[in-house]
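Student: This is what each chain is made of:
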Amino acid sequence: MHDDLFRAMRDSIVDGDPEVAARLSRDSIALGVPPLEAINRGFVAGLTHVGEQFAAGEFFLPDLVLAGEAMKAAVAILEPEMKKSGAQREVLGTVVLGTVQGDIHEIGKTLVGTMLTASGFAVHDLGVNVPFETFAAKARELGADIVGVSALLTTTMTGQKDVAEALERHGLRPRVKLILGGAPVTHDWAREIGADGYGEDALAALSLARTLLGK
Amino acid sequence: MQPKLELLDGELLEKILGEAYTLLAEPGIRVQAADAVELLSAAGARIENGVARIPEALVRRALSSAPREFFLHNRAGEPAVRYGGDAVHFDPGSSCVHILDPQTMQHRMTRTADLERLVQVAEMLPQYTAQSTAVVCNDAPQEIGDLWRLHVVLRHSGKPVVTGAFSAHTAPAMIDLLAADCGGRAALKARPRAIFDVCPSPPLNWSDFAAQNLVDLARAGVPAEIISVPMAGATAPVTLAGAVVQHAAECLAGIVIHQLAQPGAPVVWGGAPAIFDMRTGITPMGAIETAMLNAACSQIGKHFGLPTHGYLGGSDAKILDAQAGMETSSAVLLGALAGINMISGAGMLDSLACHSAEKLALDAEAIAAAQRVLQGISPRGDSLATAMFAQAGFAGEFLKLPETRRLFRTEQHLPSHLIDRGTLHSWEQGGSQDLFARARARVNELVAAYKRPELPKQIESEWKAILQEQARRAGSQQAAGL
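Protein sequences, first through last, are from chains A and B.
Taking our numbering, I'd label the letters of the first sequence as residues 117 to 331.
Taking our numbering, I'd label the letters of the second sequence as residues 12 to 493.
Keep in mind that the hints were calculated from the coordinates and are not lab data.
There may be inaccurate statements among the hints.
[Unchecked claim] Sample of chain A residues lacking proximity to chain B, with all beta carbon distances greater than 12 Å (derived):
(1) E135
(2) A161
(3) V244
[Claimed, not checked] The calculated lysine to any residue pairs, modelled on SDA-like cross-linking and capped at a C-alpha distance of 25 Å, are:
(4) A:K188 x A:R142
(5) B:K26 x B:M337
(6) A:K277 x B:A476
(7) A:K188 x B:V249
Keep in mind that this is a model prediction, so the values were computed, not measured.
Even glycine gets a Cβ: it sits at the ideal position worked out from N, Cα and C.
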């Protein structure tokens, strides 16, 4: 049943086409397809393929970003339907994300947010130039599982340590996991400041988040 | 004749300028510093929700008051770097957090001692006409990191310095550090020793910190170097031409703010434009398109008659391998041919993250080669060959000619021992050293021959007082120990 529809949904993600993804979502509702099934058998299959191709070096960041955009467009239409029917997509975890104080670079951080959201995490993006304390305060407020801190500049990377200290002060460690991202960041740096890990790119961040939460 | 490379034809150049002016009006430029907003507003730019729409007439006025040429001076007060015309200078890259440790071959966090070694090497190599505040010192109080590294460079160098502040409030104290070394703020203005990099944030955004830096530098008469950093495909249009438009709009907006603060203050059309690697999301400083962008952006600045700057000579490689040599050499050559006045970036590895004194020594060879190209081919006398043939005849003993002895040093760049041109036998006899081993030996030689400039005690104590005061004000726990 609906195999053609699911295939088209998958392709809309692979083609990175939010308009087609949204149209197919509306079609599926009209056809009475359970929204959770549309997401898992249709759109997620596309996302998985894009992830695999990216890892293989065949797909590139624009493919990944537009796949994420298409996924968002589909979920935006299907989610209200799910709520109506009482079905729920499994939330893998709650993540608070942001670029550290003094730094306004958002590409990497936003890409991580897109991949996490698309894969079923609840993501709260604090944006850029986020004060150290805000990470901790928001994590406490939301009962977050993970805090992700991005820094692109060599000069602002040290702020990740301040976030680590703020989480400590709020008594959130080690329950809340701390993950880092950004061009100058390394595994050594993550170890040095007592973070739980560092992701080289958005896919690495996704697999790191899954591993840390055992999902 | 200095050979010259231009990548933009007249028609494309005009189109780039037209679109840059359009962007300044629509969507305009985000400007966050109160002083800058006030200056723009008073001069007739429309400000709405933090966005300034800058009319072309205002830009033209700023362009006409910005100087065509100025000099940076060495510690002795002599002009040493010419910003203007087609003069080409090089300085090491800035703000790395890692250093390639020459013993362990690991990238590790940078410390003050690493900066000192980099400065010593750059001081000894004539290819670097200026120093840079090359790394962030992780052992220094974080709150005054920018002041600290500038003071380290000033303590160890007599050359001009390319630097930059980490915040709006530390720039004035950095200017005080420089003023203390040259006899006060008036003397610093008359013979500036340093230039400050100031970065707009792509796309089309002059942050509070950066715009305030522009205003403060202009008022102090200390040169400002605008570092516009469009990343084509990520924070800028994916096309090279589109990224050049954005670079132009960001520079023009910066020059307007700067010249409104103080007409005639020295300012440079510069940047670190780059492509964006669609696999890794890094900024490939060694990509050929990055070099093309730098050349094209500089061409626009030259069209306005302004001094220019670019960011080339860094590599994306992690060690001194063939990739590092290839990327550095081609970028440095393109930048030199484009006539960029100051080319920053030598010594860098891993995009912008890691510095290496050994690479600085290697890059000096690539730079020397590029400088040789700039000297071009000249006759060196009335006769090109016939007069020498009259002496050498069919025997062809040119090695015996006095002309050969007189001219070979100007005709040929003579590389250091880092570049191996010996026989296989002599290479084997010398221990079959690879490039890194030769670079390490070269660095050790340079460091051994280096002598720190003598500084009056009074200047050192003034610096110390400034550092302590700033650290105390910033609430640093390390203030007392400085």
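Student: Run every hint past the structure and note whether it holds.
Tutor: Here's how the hints hold up against the structure:
no. : hint            : in the structure
1   : E135            : holds, 21 Å
2   : A161            : holds, 23 Å
3   : V244            : violated, 9 Å
4   : A:K188 x A:R142 : holds, 14 Å
5   : B:K26 x B:M337  : violated, 33 Å
6   : A:K277 x B:A476 : violated, 28 Å
7   : A:K188 x B:V249 : holds, 24 Å
Hint check: violations occur at hints 3, 5, 6; the rest are consistent with the structure.
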